[in-house]
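Student: The lines below spell out each chain.
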Amino acid sequence: MADERDTILSVEDLEVRYASDDRDIVAVTDVSFAIERGQCLGLVGESGCGKSTIAMAILRYLGHQGRISKGRILFQSRDMAGLTAEDLRALRGGRIAAIYQGASTALNPTMAIGAQLAEVLRTHAGLDRNRISDRVLDMLAAVGISEPSGMIGRFPHQISGGQQQRVVIAMAFLAEPELLILDEPTTALDVTVEAEIMNLLGEMRAARGTAMLFISHNLGLVRQICHTISVMYAGQIVEHGSAQSVLDRPRHPYTIGMIACVPRLDLGRADYRLVSMPGQVPRLVEPPRCCTFMDRCAHAREGTCDRPMALEDMGGGARVRCSRWREVAGAGLSAPPAASATPILPRRDRILSLEGVSKTYEMHRLFNLSRKSAAKVRANDLISLELAAGETLGIVGESGCGKSTLARIVTGLEVPTGGWVRLLGGDVTRRMVERRSLRQVRNVQMVFQNPDSTLNPSHSVGFILERAVKKLGAATGRAARRAEVERLLDLVRMPRDITRVTAAHLSGGQKQRVAVARAFAGRPSLVVADEPTSALDTSVKTAILELLLSAQKESGTALIFISHDLAVVRYIADRIAVMYLGQIVEIGRADEVFTPPYHPYCEALLAAVPAVDGALDRRRPRLTGEVGRAVANAGSCLFAPRCARAIAGTCERFEPPVIEAAAGHLIRCHLPLADLCALPPVFGRRGGAAQTVSGWQPTNL
Amino acid sequence: MTGPATDTASAAARPSAQPQPGQAARRPRFRKLRRSKVLGIGIALIAFWVAVAILAPLIAPYGPNIQHTTALANPFPSSDHWFGADPLRRDIFSRIVWGARPVLLVAPAALFCANVVGIAIGMSAGFYGGWVDELCSRVIDVLLSFPKIVLYVVLIASLGPSALNIVVAVILVSSPGIGRLVRGLTIELKTRDFVTAARMRAESGFYIMLVEILPNARGPLIVDFCMRMGYTIIAIGVLGFLGLGLPPPNPDWGGMVREATPMLTVYPYMAIFPSLAIITLVMGFNLVADGLQDLDHGR
Amino acid sequence: MTRFILRRLASALFTMVAASLIVFVLVEASPGNVARKTLGPFASDEQVQILYERLQLNDSLIVRYGRWLGIITGLRADPLQNPSLGLKFHDRRGDRYVGNFGFSTMMKIPVADVIWQRLANSAALAGLAFLVIVPLAIAIGILAGLNAGRPLDRAITTLSTVFASIPEFASAVLLMSLFAVWLGWLPGTSPLQAGGFWPIYSQFVLPVTVLTLYVTAYVARFVRASMIEVMATPYVRTLMSGVVVTEVVFAYPGLGRLLLETALFGDIALIEAATLIAVLIAVATQLAGDIGYMLLNPRIRFA
Ligand code: SF4
Ligand code: SF4
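Residue numbers (our numbering), protein chains in the order written: chain A, 1 to 701; chain Z, 1 to 299; chain F, 1 to 303.
Rather than coming from a laboratory, the hints here were simulated on the basis of the structure.
Errors might be hidden in some of the hints.
Listed below are the simulated EDC-like cross-link pairs for lysine to aspartate or glutamate, each with C-alpha atoms no more than 20 Å apart in a straight line [stated by the list, open to error]:
#1 Lys190(Z) <-> Glu434(A)
#2 Lys37(Z) <-> Asp153(F)
#3 Lys70(A) <-> Asp13(A)
#4 Lys471(A) <-> Glu486(A)
#5 Lys470(A) <-> Glu484(A)
#6 Lys471(A) <-> Glu203(Z)
#7 Lys553(A) <-> Asp349(A)
#8 Lys190(Z) <-> Asp13(A)
Counterexamples of contact, computed for chain Z against chain F with all Cβ distances above 12 Å [to be verified]:
#9 Asp80
#10 Pro102
#11 Gly130
Glycine residues also receive a C-beta, built at the ideal position from the N, C-alpha and C atoms.
Could you put together the complete structure from these sequences and hints?
Tutor: Written out as structure tokens, the structure reads:
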């Protein structure tokens, strides 16, 4: 431990309680940590583990119901408990700055950006006018805003989410804080933007020596920026240590489980198997009397685990809250056997085919699947895909790439403005779902993103499933339907007595399970899942993925899986289509898309994703700029403005051709295939201990 | 480490270990219900008047329309006539007790009908959109542009004062407002994924509106119902006061105030007691509306 | 922006026409009634029958509505003024002018002779109340906002609930008992006639108070329920409802009391006139409110 004067923040034996209806809820208990100057501590854990509560406790934003019931928080050796409201206000946004998930809430919508930044300086630094405007411009430049002088006159709603987050960062750093609290600062952003923001944060910390508390559920991000990590579970720190040691050699069964839950970018489904964790984070009403993880722990032993756990020193500053950590570690972290490596299905009958589908929006053209002015210069077809029975097609892309619109066209919630859609042998191009045949309707079902909106909160699980069985399934008669509902509940591994529970009372993961069961009620030919896991915690996410896979196998359903999460898509999909601004820029087998030859956009996307696995060394072609609105300069590569490999004079003037890299592996790019093949793979194994992973040669290592 | 893998699989198969939120989540609502003072007082006031209405024959010492010659010279409150006697020397206490019946019958019945009409209009407008919405919204706008009392007066004046016509008037006056509320709720709710899911199993529009959307609009609708009960009782009182209420000699609180007003200088209590009856009943509904809103906002 | 205003104007016009149709249907749906009420209770059946034919009352409702609209807008001559009917209805403005609402059977004079004076009286009452209500409501809103969640906010909420539970006639009766009967500080009626014991201005105190109490509380409650934006329109419509009752209680010679009296009497022309004017005011304030809101709110302005 460094000596006193370097310690910016120290939290000692903190316990936070929230007053609830009948008794207190213990949100955080027995938490101690310290952050030194220039250091970054990562707090990781799933929602409800108490990580954000700690941030709130530091800033004393606990509201009416919350209170610090035990322990101290020292900021630069000063007990925060002794501060007056006045002191606190001066501290917040001054020496302690905080950045949250939604940048838009941190900015005042009615004030110009320059004025907001200037205000920070006026209140916290007391500078005069000229110096203020200089500092503001400098800071905007420092956070990577290309035209600072243009930015100061704008209002928050006029700039993109990524730029807003930059401005918020600028705002935080303007006050020259000693401590910066980052609570999921990039969760709402696209991967490429996220990567940039993370880089920026790393640079700012290096340049200014600010201490940081980084709160996230994303282990990859934490690995990227943090020196030390505290893993939280049920309000306690269960494991602490250097980022490397915790993530590479996790000791606590929970940490091990968490890491095993994270899908990998560098491996396909054939090569490893995700392991989901059962159960839920318990809600504590009093400080725990046994290991809080006990009911979910595979290593739990009566006699050793059923007493309060203390953090035990493992040496080297690493601590773990598990009495059996030696035995657990001995069990090793060998990957479980790969799931039955599903071979790519031979092309069977086509159930869905899209041909040159385009969709243009008249009014606001938020996104379109083709060019905006499709009528102008449109020679070849755009979105063209085919889906065989039982196949899984993953669609990835950043927000606004049109992947959801594609889903809505397939499911008949929207009709395309051009092209053809054939479903189960029938033309459904101009048919909204209400006008499709009963067979077509029943055979296409959907799993939605938002668990809180997917089930009718007024209905019971039993009612929801029975209705789905009645309308979609073949079962006739009440008893048969009941049996079918029970089959579905088994399929998604839910207890049968859950039928009586109202949907509003389910957890997010449970809701999504029911939603999966509902979608598969009639053994449909096709299920379209639009970001079904992105609102869920890591361990729950994995469980839903497994369910989808097993349900799909059971009923031979084809799956279109839409996500922004590349690793998830790689795990679940047989084939992947990568979309950018309404176009498919690459489509092919999962392993093909993730290894060269690939489209420069795929390369950039892969490079942007933070990996948990430290053995992965990645070259990172940095992707600058942000996804624009599909600009209509017909006859160019839409990716050209951001492409690191653009061929000047060609890419921005001519429409790229579609190259067939292999049978069924298509890339839309001007670069010759040979060049694309020569692109360095984004992943490599450090130290040359290259493993050959399905399909790519680690030649460049 | 095959242990964890198999273990997790079997553990996942018995998620009964997970907290069952079903029962746990329902209990606090009742606790909150008890905790909200406003709601409690409101419910008590309504319960009081409902009890009075039901038990009127037991509570009221006299019939509502019996004229007491004994009170001719002295109509002031006395042990015989607790609230005194009215200009026609009928027992005011008894009339107030009996008068609870028509109000508590007409107002909820009328509002129930108004809700049926308003929900039908608002829901079709919000759900179908297009010309249906245009038409319904226009009708709503036009009806809402009338000041309420003016509409009531013109309606009752042309239909004639009777309980049935009051119901008709309440429907015409209240359903546009309900329709507008429901339309807004429907437009919001129909974007939810569970509605999309219903569309994807080829449910009829009728089913979606009634089974998927309506149950989720019940919160705001209940609050609205309570607030509207208050206004409707006031409106019925006002109609009675203006001479457009229930035809005499039926005991009608508003009408009682009307009959007493000319004698206010001598016998103010004749008007004050029925006024207090209306005020307390209306306040009951208003407080319940407030309390329910507080619960919704977690205040 | 001009398009926005034009669109609002068109929709206001539509509302007025539709509202007038509703009023006409409500009042004149049964044609036999119309003739009878025009002539009064003492006319013989033959007289009623003659008038029925002369006015072509057996025409369809929509045709009669068209004629009626024509008379009001001054496009048609009022047939009642035709001397051959022998009704002795005479209007010094002639039989064809804008705002010709016909004759009041109750007062035996043209509606136009009585209605505008009454409207002015009502406007005076409403205007005075408005002058009190608006600053009061703003002050209350700011106070509640600044103390959100604290006892003062709760007190304001509770008080507005309590006052919104008191019908105008009840508060009028209570205030009258207190200030006019018991204390004798203020007059109990407001006939707007000078020369009595009470000066005219004192006759406004109680009616304005009654209006203020109810309207402020009512609007405060609605604003709390966030059902409407804080705008002038709801005040005006609530105020108009309140004015009717208040005028009746205090025997105030305004449009509201006129409406009630004519409604009870069955004076067709006056009912129609008073109702239409009330709707016109409501629609006009709505229009003014919309346009004002647009001028204040740039998002609509640029849309
Ligand atoms: S203490 Fe026991 S139950 Fe807790 S994590 Fe360790 S092995 Fe599992
Ligand atoms: S066509 Fe050019 S700009 Fe587009 S992806 Fe290929 S190299 Fe980049």
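Student: Determine for every hint whether it applies to the structure shown.
Tutor: Comparing the hints with the structure gives:
For the hint linking Lys190(Z) to Glu434(A), the alpha-carbon distance of about 15 Å falls within 20 Å, and the restraint holds. The suggested pairing of Lys37(Z) with Asp153(F) holds, with an alpha-carbon distance near 16 Å, which does not exceed 20 Å. With a C-alpha separation of about 7 Å, the suggested pair Lys70(A) and Asp13(A) falls inside the 20 Å cut-off, and the hint holds. Of the supplied pair hints, the one linking Lys471(A) and Glu486(A) holds, its CA atoms being roughly 16 Å apart against a limit of 20 Å.
This hinted pair checks out: Lys470(A) and Glu484(A) have alpha carbons roughly 10 Å apart, not beyond 20 Å. This hinted pair checks out: Lys471(A) and Glu203(Z) have alpha carbons roughly 8 Å apart, not beyond 20 Å. The suggested pairing of Lys553(A) with Asp349(A) holds, with an alpha-carbon distance near 17 Å, which does not exceed 20 Å. Distance check on the hinted pair: Lys190(Z) and Asp13(A) sit about 48 Å apart at the alpha-carbon level, beyond 20 Å; violated.
Listed as outside the interface, Asp80(Z) is consistent with that label: its C-beta sits roughly 23 Å from the nearest C-beta of chain F, beyond the 12 Å cut-off. Distance to chain F confirms Pro102(Z) as a non-interface residue, since its nearest Cβ pair spans about 16 Å, more than 12 Å. In this structure Gly130(Z) is separated from chain F by more than 12 Å, as the shortest Cβ-Cβ distance comes to about 18 Å.
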